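There are 2 protein chains.
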Amino acid sequence: MAVTLVSSNRSFKGRQFVYKHASTTTQCEMTFGVYIPDHEADEKRPALFYLSGLTCTHANFMEKSGFQQYASKYRFIVVHPDTSPRGVDVEGDSDSWDFGKGAGFYVNATVEKWAKNYRMYDYIVKELLEDVVPKVAPIDAARVGIFGHSMGGHGAITIGLRNPSKFKSISAFAPICNPITVPWGQKALAGYLGDDQSTWQQYDASEILKAYTGPCRIILIDQGTADNFLAQLKPETLKETNHAGVMLRMQPEFDHSYYFIATFMEDHFEHHAKHFRSI
Amino acid sequence: MAVTLVSSNRSFKGRQFVYKHASTTTQCEMTFGVYIPDHEADEKRPALFYLSGLTCTHANFMEKSGFQQYASKYRFIVVHPDTSPRGVDVEGDSDSWDFGKGAGFYVNATVEKWAKNYRMYDYIVKELLEDVVPKVAPIDAARVGIFGHSMGGHGAITIGLRNPSKFKSISAFAPICNPITVPWGQKALAGYLGDDQSTWQQYDASEILKAYTGPCRIILIDQGTADNFLAQLKPETLKETNHAGVMLRMQPEFDHSYYFIATFMEDHFEHHAKHFRSI
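In order, the protein sequences belong to chains P and Y. Residue numbers for the first sequence, in the numbering used here: 1 to 279. Residue numbers for the second sequence, in the numbering used here: 280 to 558.
Calculated from the structure, these hints are not laboratory results. Worth double-checking, as some hints may not be accurate.
Stated by the list, open to error - Just so you have them, the derived chain P footprint on chain Y, three or more residues with Cβ under 8 Å:
hint	segment
1	290-300
2	342-353
3	412-424
Claimed, not checked - Heads up, simulated BS3-like pairs for lysine-lysine below, C-alpha to C-alpha not over 25 Å straight-line:
hint	chain 1	residue 1	chain 2	residue 2
4	P	K13	Y	K299
5	P	K73	P	K166
6	Y	K292	P	K64
7	Y	K445	P	K13
8	Y	K323	Y	K445
9	P	K13	P	K44
10	Y	K323	P	K64
11	Y	K352	P	K73
12	Y	K299	P	K64
13	P	K126	P	K20
14	P	K210	P	K168
15	Y	K292	Y	K323
Said to hold, decoys possible - From the structure, some residues in chain Y lie toward chain P, with a derived Cβ separation under 8 Å:
hint	residue
16	A320
17	E532
18	F533
19	D534
Here the structure is a predicted model, which is why all the values come from computation and not from measurement. C-beta: ideal position from N, C-alpha, C; glycine also.
Next up, chain P with everything else stripped away, as it sits in the complex (with noise of 0.2 Å):
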């Protein structure tokens, strides 16, 4: 499977890159950024996955967040994906912004007409892990943790507690925390999932953890409380296990934008390297 370069810029000590490829998995051409630190030849390197929210490309991410600064103080690999498939037309996929292109949601659809394509969790946790990303970046198998914003949040505690083999720390800005219960979440898991809500719950991050008893996780959460969209977010529903914990910082003033989220980047860049330290 190829992976074709788009564009390369020197950034703080590392390169931004973007790739294209086509998808085994989407069925269709996928575009995905990826940070690389400076590094031996022979260096393998820890990395983030980072998923971003409702509307976004693989762009807002590496233009808005200021990322690249800690990736390159901390050394690790960063990889940004889009967040749904693009380049196919499935009928009402562009008539809502929370639905359809942009909206992935991060799960494998199985309503029939979104089933092909819309399969952004096994793109994630499959394909984009363990065949694209390592054919361009020196990843740390081993060393690999999962963040990311709003619809992207939901995304990373999903992802990052069904796969705690994979993925060795979580963390989250503004994540959706309960979909099944909020408009965004209910409109999204029906529409690929269907009617039938028990098998809504696979993708619903309180849910999960309600029900996790892998290994130890301490998922960091940052949320401002001039979010205008807390009542579709709700972090008051992820609640502590015995083998997962959540350290839920709520930021004065901070909103939904990626204002918010440059500010508290460096927290969670050090919140992975912690995790890391440990492995």
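Please build the complex by placing chain Y on the supplied structure of chain P, with the hints as guidance.
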């Protein structure tokens, strides 16, 4: 003159604001951004003016440079205006990306067609600095610096050196240094000022530096070696004089993008801070 709030976002220990106002200088509505660090009610803070490059609005710097963390750390107010008049239509102002809209070149036009609106020099030096910004931000007029990128680097050096009592420190990322000798500059200067090239020199950084006899100025300039536009920028034309020095740093592998600017942003804040400490 009313100044109207467009947006306000918490960012690090301060706020990113965008304002608009009816400009008496450019005879149209102008938009600008300003970051204000947290401060006491009666506290004045140093300020930096950042001038953007060709095609930019006030927003590129705000969204892509990551400057807010340093404005917060150094507790500087940072003002970032638009690059040309907007909302008025002069025939031909949208025909090319390097002249007209997004390409004011920080000059006061004298060619009749442009002379009414294209007065970005006076807009920055007089209206914005003296009238508008003090209405919304507690700037310490004794400690104001200026910096910019590309066309905005040209603006920063020319405006800074011509107004040493107003701007106490100067720096630039990949500035246009000798516009009278390169296509971008020749097109803009002929267009706005007419064919008498003797009038162009007042807007040429190298020519102004050569004749500069004001208070000592050390100008920090970062320039990427992989910059596609190097032939238009000509940093080697800036020569030291008895009154001014140029600290030119050629940065290997870096291009003309905001990845380059973000990488060296902190050094520029430290450069201006050093000058302010001695005032």
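Quiz prompt | Numbers of unmet hints, in rising order | solution = Hints 3, 4, 7, 10 and 16 are the ones this structure does not satisfy, whereas the remaining hints hold.
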